[in-house]
Amino acid sequence: MSEPRVLELHGVSKRFGGLLAVNALSFDVRENEVLGLIGPNGSGKTTVINLISGALQPTDGEIYLREHMISDQPPRAIARSGVARTFQLVRLLPSLTVLENVVAGAVFGHKRLWGGSARKHALRQLERVGMRHAVDAPVASLTYIDEKRIELARALASDPVLLLLDEWLAGLNPTELQVGIELIRSLRVEGRTIVLVEHVMDAIRSLCDRCVVMNSGEKIAEGTPSTVLADKEVIRAYLGEDHA
Amino acid sequence: MSRRESAWLVAAAAAFVLLACLPLLRHGYLLSMGVSIAMYTVLATSWAMFSGPTHYISLATAAFYGIGTYVVAGGLGSLPYPVLVALAGAAGAVAALLVGVATLRLSGVYFVIFTLGLAELVRQIVTWVQNNFTGSRGMYVLTEITEPIIYWELLALAAAAYLIGWRVVRSRLGFALRIIGNDETVAAHVGIHAASCKLILFVISGIFAAMVGAVMAPRYTYIEPSTAFAAELSFQVVIMALLGGVHRLWGPLVGVIPFAILWELIAARFPTQTVLLLGIAFLLIVYLIPNGVVGRLEQIVQAARRRATRV
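In order, the protein sequence lines correspond to chains S and L.
Its first residue numbered 75, the first sequence is counted upward by one per residue in the numbering used here.
Its first residue numbered -12, the second sequence is counted upward by one per residue in the numbering used here.
Do not rely on the hints blindly, as some may be mistaken.
Said to hold, decoys possible - Footprint (simulated), chain S over chain L, 3 or more residues, beta carbon under 8 Å:
(1) 164 to 172
(2) 254 to 261
Unchecked claim - So the derived label-pair ranges between C-beta atoms look like this:
(3) S/R89 to L/G95: 43 to 49 Å
(4) S/D210 to L/A(-6): 34 to 40 Å
(5) S/R89 to L/A146: 53 to 59 Å
(6) S/D134 to L/E211: 34 to 40 Å
(7) S/D210 to L/T214: 29 to 35 Å
(8) L/V116 to S/G190: 52 to 58 Å
Claimed, not checked - Heads up, incomplete: computed chain L residues facing chain S, CB under 7 Å, no partners named:
(9) R13
(10) A175
(11) H176
Honestly, the hints are just simulated from the structure, not real lab data.
Even for Gly, the Cβ is constructed at its ideal location relative to N, Cα and C.
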């Protein structure tokens, strides 16, 4: 792989009191790559996303975005450097309209538009996620998948260098899931660099170039989806001793 | 600026000119009502500019107001009055900046308590300084400034508050504050420096409250810490703003007018039960019209529109 590295984690750890949630984790993400961060519940995946986005500060280790250290910076500075994310439990801004929710992503961060140009840019993102029709709708009227699409549009509105998706496909019904997978696939085709935390195996197989598998805060495997999902230790972590 | 906005601006300017004619009626009681209403309008509007979008309930109004009156009382005789009013604004800004840096990181409840304590703290400091260094507890504020002038000064401050508020609502800063009020975590993750946004608005509200105090100082002729730093003022401002509605710039005005008139009646008839009645008013507003009169009106209009489209 010759693409330049967009994200690097070097020996990143996070300790909450007596609990070591992430233990000396290292991996790279290259440009245009979709990296899946997978592992059983409680293995520290969301913590890793929070460490990259700045919601949490690592106890140890460094994180670099394009050779530039971000692990000592607050989330607003990391957002300005070009990291955008969605949240495991969708976080929309309820008193703003759908359009304003998306505009919010394009004003203060990596992209700094205002007025008509911000509006036009946000409309393009809504179009992109198939929500153009809901521009003026109140957020309270949206279905769950539509809320997720709006949150994705907000993240895309900043034109991020790196997109973090924290279980973006979780909680969707089978039909919605197909729509969701297609949407993320289209981002991949566009050449976006993405780190996604996911439990849906179909999505992991069809979307990810590479996977990092975590268990109890440590990396236990790394490689293409088919290799890591066949890995004995990975199967043991997911299904228990008997299946390995 | 759109045509509709220009129309609003012209209408607002005309209203201000009309209101400025009130002293020409030479009706003492009406003018004193006008002074109260103008004063509370500036205080409640500037308070709501900060507290409306951020949901931080500030009870620091009395502290900034008192600082303003004391700047005038202390500087009278050595500096011209207009300079003192400007100086009061600067003192309010510095005080708000210091308090803001120290407390805006605190979450809701702690912030409320701190700002409530602030007025008391400043009052105690002023009392202590006067007891130990100046010999007398109170100060005379003797000027040539008459009631109509005070009224016009307050109107000018109100105009300034509306102009600034209108600019802020349309700016990135105003948009950032709405996002912060919705979800501060999201605000940080889209690149907003939440602490400095809140600080700017808190300083603006501090400047206005201190300048109102400075403008009102000549009306007292004699000030004491207990009158200048009356905690009751902070609560009145909060109640009026909430009664009107804080999510629109003109919302507080809708609360100020009826409340100021009502308060005048209460203070005249039940002078010893004012605090009790203030408390009851607070409860009624929070329970019955949590979004204020303006919010309630907007709900009614929306419901009517929905019914109209359904038919």
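Hint-by-hint comparison with the structure:
1. 164 to 172: Since 6 is at least three, the answer is holds.
2. 254 to 261: It is violated, with 0 qualifying residues against the three required.
3. S/R89 to L/G95: 43 to 49 Å: 29 Å, violated
4. S/D210 to L/A(-6): 34 to 40 Å: Cβ of S/D210 to Cβ of L/A(-6): about 24 Å, so the range 34 to 40 Å is violated.
5. S/R89 to L/A146: 53 to 59 Å: For S/R89 and L/A146 the Cβ distance comes to about 56 Å; the hint holds.
6. S/D134 to L/E211: 34 to 40 Å: 58 Å, violated
7. S/D210 to L/T214: 29 to 35 Å: At roughly 51 Å between Cβ atoms, L/T214 and S/D210 fall outside 29 to 35 Å, so the hint is violated.
8. L/V116 to S/G190: 52 to 58 Å: Given a distance of about 55 Å, which is inside 52 to 58 Å, the answer is holds.
9. R13: L/R13 check fails; min Cβ-Cβ to chain S is 47 Å, beyond 7 Å.
10. A175: 4 Å, holds
11. H176: Holds. Min distance 5 Å.
Hints 2, 3, 4, 6, 7 and 9 from the earlier list are contradicted by this structure; the remaining hints agree with it.
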